[in-house]
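Visitor: Quick note, the sequences are listed as chains D and A, same order. Going left to right, the first sequence walks through residues 1 to 292 as our numbering numbers them. Going left to right, the second sequence walks through residues 1 to 361 as our numbering numbers them.
Treat the hints as calculated values from the structure; they're not laboratory data. This list has only true hints and no planted wrong ones.
In silico lysine-lysine, DSSO-like type, Cα no more than 30 Å apart, as pairs:
1. D:Lys148 x A:Lys10
2. D:Lys165 x A:Lys358
3. D:Lys291 x A:Lys10
4. D:Lys202 x A:Lys282
5. D:Lys291 x D:Lys148
6. D:Lys291 x A:Lys8
7. D:Lys142 x D:Lys165
8. D:Lys291 x A:Lys358
9. A:Lys237 x A:Lys218
10. D:Lys165 x D:Lys276
11. D:Lys142 x D:Lys291
12. A:Lys10 x A:Lys358
13. A:Lys356 x D:Lys165
14. D:Lys148 x D:Lys165
15. D:Lys291 x D:Lys165
16. D:Lys276 x A:Lys147
17. A:Lys237 x D:Lys276
18. D:Lys291 x A:Lys356
19. D:Lys276 x A:Lys245
Since we're looking at a predicted model, the values are computed, not measured.
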Amino acid sequence: MWPFIIRSLEVATILLLAAIGELLTQRSGVLNVGIEGLMLLGAASGFLTAMIWGLIPGYLAGLLIGALFGLLHAILSITLRVNQVVSGMGVWLFAMGFVTYWADRYSGPLPPWVTSIRVYGLSPIFFLAIITVVVIWFILSKTHLGLKIRSTGENPFAAEVSGVKVMRIRYICTITGGALAGLAGAFLSLTYLGIWSHLPTKGLGWIAFALVMFSLWRPFILLGGALLFGFVWQFAISPETIYAGIPAPLPILRMLPFIITIILLIIISSERFRRKWWLARPEALGVPYIKE
Amino acid sequence: MVYIQIPKLKRERIVVLTGREAVSISVLSLAVAFIVFSGFLMYEGADPIEAYRNIFSFAFDQKLGLSTTLHRGFFILFATLAFIIPMRAGLWNVGMEGQFYLGTIGAFAVAYTLPTLHPGILIPLMLLAGALFGAFYGALAGFLRGKLNVNEVVTTLMLNNIAFWLVYLLTVGGPWAGIAESTSRPLPASAHAPIILNTPFTSFLVIGIAVILYIFLKYSSIGYQIRVLGNSPAAAKHIGISAPKITVLVMALGGAIAGLSGYHMWAGDPAFFMIPRPEAYKAIADLTYWGLIIGLICLLNSIAAIPLSVFIGSILVGSTVLVRRLRLPFGLDVLFLGIISLTFVAFQFFHYYRIKIKRRE
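Pulled out of the complex, with its shape left as it was, chain D reads as follows (with noise of 0.2 Å):
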């Protein structure tokens, strides 16, 4: 049972690090759809890095090339204005190609030496990602600066005229959530799974995403749909540690993530939820900010 717990809250770790960072990306107004390619360049990455040397330089890698490519996204969507979701596709669709040029030949699994430092079996890495939410929670409802990046998410407009540099906020958030999807990358793959295959992440950036909407751009609720639906993933993959008899076949069990996302898609669209969700949506979110 223990090792399964462990399993599922690595699971959580890596949703919770792509979804944090996106929560952050949003909340500033910019809408990134690519994490998922984001993750499998960290992912990359962090496990061609850790291959020469070791384990932390390769989730600094993961963490670097996360930033690079969300300093082109914001690049992209920011200052060029590119429609955000075909910017963030771009990028997803480039990963795919990258990343299979890039590690696909060193397939196999990390050499046995680079080992994962785990505390009771955890990963340092787990209570990172939580120390994560608790610091974005604490910037965007406390501080200052989390003041600055909610107004200019809401009113961009309003906010510049209040003296808040929107494009310099809606960079440095859009890096730091890409920062946080390679590094979430870079975990997979390391910690993980421990071995390079083809395009590891398997959807796992997709539900990240949506995690970040049925959140209510909140990051408690978030640390609450990360572990639940690292446990649901898991759940998936290896049934059989927790009961032996399940009777449904693995794939049906491997849809049921992306099923439950549906249905919790369904009941946060329905009229009694939609008003909440409007309110907290971010009102600019996805809309390029012109300056006059």
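Got chain D sorted already, so can you dock chain A onto it with the hints?
Guide: Positioned in the frame of chain D, the structure of chain A alone reads:
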């Protein structure tokens, strides 16, 4: 003293982009993609000019790549049309992947249950089943969007993943499993697509759909309603257009077209005639996302999408020679497509703005 005056750049909003401008923007972005990819080729120790010559001579050689080029190109065209219709109504259909899977399931279900039927009946039935299954899947997302206001981007992406596992369920160790590991049983010979002029007949079907779609969207009453809804939901409401109805309709139409590609893909290429391993069918299905990029590059013009889809098909097929003939590392071919998609996206900027040099006074 010499003063170097740095001109100040200013962007100017483009209100109406002409087709000619759109073409020159695409050509420019392709040129950039070719230059960037040349860097990778040189890094791998290949001569870029030689490589590009090889790519296109292979892709358009009648004896070598041409039939596959056309086949893959028209497959992408199916996905592009499936993206264009909902986008005209302002909806993001990124569910072409799932609709293609469902179309595959529909077509194969018919072929496996009625293998003895005459091809003249069986093939239309397979196409119909594929279209219906795809339409159902598209309409599902359309219904959620139109009636329940659920964001269609996320639902279609989730439905894609669900459909992936559905095909997996049927093929890998499932009821359709073949003798070879994790592929499906081969299609009966009566289901194979007749080849006309080096390409399966479905290629002409999709060209026909593209032309009809162009006329339908431009001149029909429903096409008009779709365009109004896409341009201004408020205006649509004002003149009494039912947004939920149109939403379900366009998503179902898109889904049906993507569903047809299930037959085109597997029954139109002698290399398949079955559903291959999961990695292989997933790699094919990932091509459907090109529909989104091509659709936007062509300004949602379904006729302009025809040559561009075939061109992308030629790069897809031609760049396999980099790995097979020139012995360059695996994955370089998909990298090329990735770079093209990124430059296409970056050059979307020029669809909305042009850069003007502003003189300092």
